[in-house]
Amino acid sequence: MLGNIGLPSFILLFVVELIVFGPSKLPEIGKSVGQTLSEVKSAMKAIMNDDEESN
Numbered sequence: 789m790l791g792n793i794g795l796p797s798f799i800l801l802f803v804v805e806l807i808v809f810g811p812s813k814l815p816e817i818g819k820s821v822g823q824t825l826s827e828v829k830s831a832m833k834a835i836m837n838d839d840e841e842s843n
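Residue numbers (this note's numbering): 789 to 843.
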């Protein structure tokens, strides 16, 4: 998904995020994104396990 983003683009995105959200909000945003990805991953595992059990 992020394979097409190079280092200069990543740095530019990070600087824009710092300007928009401020340095105090970035850890909160990162934590929220990490929790969301974890929940999606566990839900996908549960769906895959349910699908395998039904076969």
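Any given hint could turn out to be false.
What the hints assert, rightly or not - Straight-line distance between alpha carbons at most 30 Å, and here's what the computed DSBU-like set of lysine-lysine pairs gives:
(1) Lys833 <-> Lys819
(2) Lys829 <-> Lys813
(3) Lys819 <-> Lys829
Calculated from the structure, these hints are not laboratory results.
Checked hints:
Proposed proximity of Lys833 and Lys819 is supported: the alpha carbons are some 21 Å apart, at most 30 Å. Proposed proximity of Lys829 and Lys813 is supported: the alpha carbons are some 24 Å apart, at most 30 Å. Distance check on the hinted pair: Lys819 and Lys829 sit about 15 Å apart at the alpha-carbon level, within 30 Å; holds.
Hint compliance for this structure: no hint is broken.
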